[in-house]
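Given next are the chains, with one letter for each unit.
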Amino acid sequence: MLLRQEALKLDLPLTATRLKRFIKDYVEKTKAEGAVLNLSGGIDSATATALATLALGKNKVVALSLPERETRSALDLKHTKMLAEKFGFSLETIDITNILQAYYKTIPAFDPKERLCKGNIKARARMTCLYYYANRQNRIAVGSSDKSESMIGYFTKWGDVAADISPLMDLYKTQVRQLAAHIGVPRQIIAKPSTPQLWPGQLAEDELGIKYEALDLILLGLENFIAAEEIAEQLDLPLKLIEEVKARWLSNEHKRRAPLTMKMEYRTIGADFRLPYTPP
Amino acid sequence: MPDKITIALGQISCQVGDKKHNIEIMKKKIAQAKKAKVDMIAFPELSLTGYMVRDRAYELAEPVPNGPSVQEIEKIAKNEDIHIIFGMIERNPKASAILHNTSVLIGPKGYIGKYRKMHLPTHSVFEEKRYFRPGYQAPVFETAAGKIGMMICYDVYFPEITRLMSLEGAKLIVCISASPSIRRGFFETLTAARAMENTVFLAFVNLAGVQDGLQFWGGSRILAPSGSLISQAKYDVDDFISATINYQDINRVQAWAPVLRDLRPEVYTSLRKKTENL
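These protein sequence lines map, in sequence, to chains W and A. So the first sequence is numbered by the working numbering: it starts at 124 and just counts up by one. So the second sequence is numbered by the working numbering: it starts at 834 and just counts up by one.
Here chain A stands alone, though its shape is the one from the complex (with noise of 0.2 angstroms):
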């Protein structure tokens, strides 16, 4: 695993619906990446068809990793020699009706892999337990840019998500985000305290722009391990950013915030019974 790695976020306003176009947005912020030595970029969630599809989810859904859009950023990724994470809408491969919200990693030498969210919101003006069947696993995966877990928006009010990965040692989470701007405020802590309770560093990245009335608020960040601040990007508007990441880094706060050292696994056992006694 390297010591450092360049990581970029590519904060951009998507057309719903039009993956060719979405696509060709991606591009240039890997170009950008390109220019910035980045080792890996991340753009949103649900970044290949914009967020506020609606039922048009079904037609736009594509396999994964066997789908032609995967297959074509595998190409851009293997062209420029960076890793790609980016958002779509997963065709389940054994019952085409189902459908999955998902976060698929992309490497130099191809596909990685992929996490379905976990925690669908299905509330205000959210929809999706009407599209999509939620995740079952938090896998972490081993890369040359580290080692990563993925996950997406909602999933970052529930802490067991990011807890989970850090245990199967995860130094880097990636949340993909197509956030809405009465959010921000909550999103601005779950963050950070995400990054803080597991000493990782994590990366946010949110969509941008308007889709039918709502204000993605941008603000893609990159979290220390202590949860401060090492980079933050544009509110609402598109933007990039980048930053180099030491996971070395992860060493120094863990000796001053020893909490995976801390933890105690028989809260857990309760936990699990208070939640299915709910």
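Isolated chain W (complex conformation) (with noise of 0.2 angstroms):
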């Protein structure tokens, strides 16, 4: 298997077709009124809330915009506001800072220094906001974790990536790119730097040390069972690098799957039940 940027073409028309039904269809089994998202203004949650709107329309979904006082982006708020007057879905923007706040007062070990304890926080708020609304207006909230932050770990447990149904997870970033331009999210969201809003400044590429471009790839390869050795060869990147994306990939597994238990019946939750998801 070669390891080019070609290997991750998508079927465009195909892929936002099938995502479309795949979103439709859940909520109509699951009988709900419509779809729920958080919004940041980059191009993850964009992708989602767009994909949301053209498959169930845009009295159906309601986007969240919950900006905070350290990571406050005027950029992404302006970014929020212009997809939501193109696609057509609600807004609303909530101000999350007094909940942090409460948080931050609360806790008697909070250690204002400790910024990935406190930037959590921010993450785990937001995913409270979004399943008030689920809950409050009987709305699926749709995730828009990709795969490459999915397999590395890249999100905050129980956080960004808490959803009923995540649409792009098994897309990586340079996929939701290519789907982002096809959908008509516009060309300032998809140019624009991730970054998670954990804390000022924060930007994914830089913080993971590496590009996208090169990251889906090396994952790639890993998800075909290349070895390390192949995989650096192949893109002429260190070994010790793919090695670290190897082990962050293979330890991260625990924010994937549901808590761990001790075997002690024979039909345990995560071990043995297999259900269907969506009982008539």
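Over the 10 angstroms line for every Cβ pair with chain W, so calculated as not near, a few chain A residues: (1) 839; (2) 865; (3) 927; (4) 928; (5) 991; (6) 993; (7) 1022; (8) 1025; (9) 1093.
Below 25 angstroms or equal to it, Euclidean Cα-Cα: the simulated BS3-like pairs (lysine-lysine) are: (10) 860(A) <-> 911(A); (11) 942(A) <-> 870(A); (12) 152(W) <-> 1067(A); (13) 861(A) <-> 152(W); (14) 1067(A) <-> 143(W); (15) 1067(A) <-> 147(W); (16) 132(W) <-> 1067(A); (17) 853(A) <-> 147(W); (18) 942(A) <-> 860(A); (19) 911(A) <-> 868(A); (20) 147(W) <-> 861(A); (21) 853(A) <-> 152(W); (22) 378(W) <-> 236(W); (23) 860(A) <-> 152(W); (24) 154(W) <-> 853(A); (25) 386(W) <-> 962(A); (26) 1067(A) <-> 868(A); (27) 315(W) <-> 132(W).
Read the hints as simulated data drawn from the structure, not as lab findings. Idealized CB from N, CA, C, for every residue including glycine.
Combine both chains into one complex, guided by the hints.
Below, the structure written as structure tokens:
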């Protein structure tokens, strides 16, 4: 298998059609009123929101823009409005600074210097808002995690990844970019550097130390059981980098699964039960 | 055996675990088939229950032919004077915890026979060996609609099954399927190959719709003994197709592609040994 950008090329009309059908089918089978999404203004959430709107219609989709004082970006807020105007879904902008301040003040062990722990509170507070709307308005929570970030665990456990369905989770970031352009997500959003918005100035590619174009091909190789040595040779990248990506992929399985339990009986949640997703 | 029959394929989306609902969907397609003067209609793999039933397989299984669903479909076949092929989870009559992934053939005069899936995929999203015991026979049935063999989905990867049935005299092989989207390219090639290499008609009927995040790709088709496409349903969504096939075409194709005449039986002895020692 050749690890080249062409290997990640999508049949875009087919991909868009199938993902729209997937969203619509799930909403119908669960008898939900529509969908709710957290819209940061970045490419993944913009693409998921646009897809949900194309699938369900503009009156069935609510997007939540949840800025907070430390990471508020005028550009992101401008982009959320631009997308809402283009696709016609409802946009609710809620400043969550006060919610976060309450956490910071209330938790005795809170340490503002631990920026990852603090940042994860932000992602989980956004998740709480998302699920409040989902519960209150009988909507499904549509996630926007992509395959690149899900594989390496670059997300907050029970935070930004939390959703009822995640239509983009089998598409690498560079594939999400292709799809975004195809369904009409504005160019400015697609070209913008990705950020999880956990602390000011955080940029995904800087933090990961690798461009998504390279990361996606490494992950494609790992997904296809290609040895780290061969991936390094094909991509002309240091073996150490490939091994680091592989280690991240393997060590983050705990973030992708239901909590591990001790097997005590014949049929155990997680290990044994295999039930259909949407019973009649 | 008739020279010509009209066959229909009911490409449906099933409700997982809801047999009543799925029989109602089948009835609508059967009504459509009657209008098109169809002799035989086929429905996809596990069309009675839906494919992604997982652990619910145990509660949804029924004996064949004495279970209530087979009996209900028998009544429909008699009333509508039509042959019906559909897929279901069969409960083994001798050991009730043993299940089979089964294709059932019913004619206007009642139950004709069944085929238990021989190759059970247990890789990727498929978990069939977890639930089912494989079949060990590839029977061929003499019916008023011709001499018919059946197989199920992943069986199409194994040319031995269609070969066995064509050597038994099958003229039409019906492959009922629940194939998800990423497999489309393989099935489009393999179904044509199985028809061509045996010079038989092949009807492939696939599920449509989404179950547990799997998009079943539809694309049901009727193939001539030359492997060429006679009719094809839409991709991904529910559809209905029908076509009249002329069994005499088999003789014409066999004249210029006499594959059965040219079989080399000694190869099979070696094939068996090599497979056992794999």
